[in-house]
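These protein sequences, in sequence, are chains V and L.
Just so we're aligned, residue 5 is where the first sequence starts under this note's numbering, counting upward by one.
Just so we're aligned, residue 5 is where the second sequence starts under this note's numbering, counting upward by one.
These aren't lab readings, by the way, just hints derived from the structure by calculation.
Misleading hints may appear alongside valid ones.
Copies of one chain are not kept apart here, so a pair can be met inside one copy or by any two copies together.
Pairs of lysine-lysine, DSS-like flavour, derived with a Cα cap of 27 Å [said to hold, decoys possible]:
#1 Lys-80 with Lys-57
#2 Lys-70 with Lys-51
#3 Lys-41 with Lys-83
#4 Lys-83 with Lys-59
#5 Lys-51 with Lys-41
#6 Lys-80 with Lys-59
#7 Lys-70 with Lys-59
#8 Lys-70 with Lys-83
From a predicted model like this one, the values you see are computed outputs, not experimental measurements.
There are 2 protein chains.
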Amino acid sequence: MAYTLRSVSSAVSSTRASRFSTVAVRASAQINPSIRKSEEKVADFVKVEDLPKPKAVYCRCWRSSKFPMCDGAHVKHNKETGDNVGPLVIESPTAK
Amino acid sequence: MAYTLRSVSSAVSSTRASRFSTVAVRASAQINPSIRKSEEKVADFVKVEDLPKPKAVYCRCWRSSKFPMCDGAHVKHNKETGDNVGPLVIESPTAK
Ligand code: FES
Ligand code: FES
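Input sequences plus hints: build the corresponding full structure.
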């Protein structure tokens, strides 16, 4: 799982008094778990004439197996986490 | 913070023996902390003729104050989390 625990402040220290402990977790999460991790920054450059037509659907959830294109993986991510992310769609005029 | 703790399994239960407790946290993180959270899915549709010229820089980190455009906020996110996300750039031909 691609997240980093920045600090775990726990109230575990001396809890003879209470049966339950409170654990405060501050997570600072990476949003890209696995795509091109050897690159310092994953930026993609596309020329407008090279865009897939009539629709170019680009992933913004970092879970597509066809990244940078969307393969629908955002649906699973949203379901699992309650998130609401989705793709960017560039529409080209269709031929007449 | 936009993450969901799915389960916190803690070894806190009976720890008279040990001074330190192990807390296993499985976090399932939302990647969009705050953008258009009232929408079930944030998809954006752009017609190719409406793309900003000569470069359209689109956010994929969900932290831009100009979303769906990139405002450079990915730099802070990457620094804070060790992540490596960046924008999608659509380049239009420049006028001659
Ligand atoms: S697969 Fe990532 S936005 Fe659709
Ligand atoms: S601000 Fe989000 S990718 Fe640049």
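Against the structure, the hints come out as follows:
Proximity of Lys-80 and Lys-57 under a CA criterion of 27 Å is satisfied intra-copy only: 26 Å inside one chain copy versus 34 Å between copies. Proximity of Lys-70 to Lys-51 under the C-alpha cut-off of 27 Å is found in both arrangements, the shortest distances being 18 Å within a copy and 22 Å between copies. Taking the shortest alpha-carbon separations for Lys-41 and Lys-83, both the intra-copy value of 25 Å and the inter-copy value of 14 Å come in at or below 27 Å. In this assembly of identical chains, the alpha carbons of Lys-83 and Lys-59 lie at most 27 Å apart only when taken from the same copy (25 Å versus 33 Å across copies).
Proximity of Lys-51 to Lys-41 under the C-alpha cut-off of 27 Å is restricted to the intra-copy arrangement: shortest distance 24 Å within a copy versus 31 Å between copies. Proximity of Lys-80 and Lys-59 under a CA criterion of 27 Å is satisfied intra-copy only: 22 Å inside one chain copy versus 31 Å between copies. Proximity of Lys-70 and Lys-59 under a CA criterion of 27 Å is satisfied in both settings, with 15 Å inside one chain copy and 23 Å between copies. For the identical chains of this complex, Lys-70 and Lys-83 are neighbours both inside a copy (20 Å) and across copies (26 Å), given an alpha-carbon limit of 27 Å.
Every hint from the earlier list agrees with this structure, and none is contradicted.
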